[in-house]
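*Asks:* Sequence:
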Amino acid sequence: MKFLLFLAQLVALATALATPPAAPADDYLPCGIPWPVAPNFAKAAVDNPGSNGVATIFGNNNGPRPWARNRNNLFVIRYCYAREYDRQNVQGTVEWSINNWYHHLGGPASKKSGHGIVFQEALNSANQPFYCYKKGAPNDWNLNVQYNTVVIEYTYGGGMVHEHQRPDRDTYLSFDCQKLGDFKYALDNARITDPTITWWELCNDLKLAYKYKFRGFEYVKGKALHQDWTVRPVGFFDHDSIMIYGTETDMGPECDPNTGHDCALSRWKDKSNHGMGVEKQNGFQETPSTWDIRWLKLQYPWKDPPKKARGDDDGQ
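Residues -18 to -1, 1 to 298 (mature numbering (1 follows the signal peptide of the UniProt record, and there is no 0)) make up the sequence shown, in order.
Heads up, some of the hints might be wrong.
To be verified - Straight-line distance between alpha carbons at most 30 Å, and here's what the computed BS3-like set of lysine-lysine pairs gives: (1) K193 <-> K203; (2) K203 <-> K253; (3) K161 <-> K116; (4) K289 <-> K279.
Please keep in mind that the hints were generated in silico from the structure rather than gathered at the bench. Given the structure is predicted, the values throughout are model-derived calculations rather than measurements.
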């Protein structure tokens, strides 16, 4: 399941950096995923993905951009494993997840499936895998690997944004930051360094929450990632998205996960009448929702290859 979410994120993210990753090893995307995923991805213009229930961070200056087509009109998402150790541990899971995504997308890239997404491991001329880092560290990028390559590590994977961070979240979800499971610990820890920090600052300042390793950084409304990028809602709120947390995620000891009462995150029974109370919000969906898939197909649609197309340098 972790890698199903990982693939949803890496398909949605493409950075516009021009140099190898230089961020510290403890820089993370949502779900504990390291940042940057990969440098120098697409330079494509930001498309309007249509009216779908998706939250996106496309459109931010120096932020993620959609993947670009290659010369055969495919969106090739190349990935490599950080080290041999990582490949040995998660290759089967990654390949299973890729096939699972193809299944939900209606098959591999084709006119019939309606999408042009291709996942591809970075291989050398002898068909052997390239590893992303020469010494397993982000500041030691393997120069034999193109920079537009996603890094896969044993514990974490790669980047669509959480539905529960949409700026219109409060219409659909009830959220109380102080009821997150690690809130008290995080606030006490932060005040050791700075006694003036308030609970409101810890809950609403994304970078501050991230600094003190507070899980609240994955819930800050309207902002995503510790880069402080603006979250842009696209269409209606999707309670069934693979990109939404549930009531049981990060719940505190007083939370009743069956009813959503006294929980950090729960679902309003009636978005137009919050007086009706709350109920459980399901999270960590086992499959992408209809709207997750529709967004991906609208963002990365199939396009017939040009006539007499030669093979690209990625083999597609």
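*Asks:* If a hint holds in the structure, say so; if it doesn't, say that too.
*Replies:* The hints, checked one at a time:
For the suggested pair K193 and K203, the alpha carbons sit about 17 Å apart, so the restraint of at most 30 Å is met. A threshold of 30 Å between alpha carbons decides the hint, and for K203 with K253 the separation of about 17 Å falls inside it, so the pair holds. Restraint check: the Cα-Cα separation between K161 and K116 comes to about 42 Å, which exceeds 30 Å; the hinted pair is violated. With a C-alpha separation of about 23 Å, the suggested pairing of K289 with K279 holds against the 30 Å cut-off.
The structure does not agree with numbered hint 3 stated previously, though it agrees with all others.
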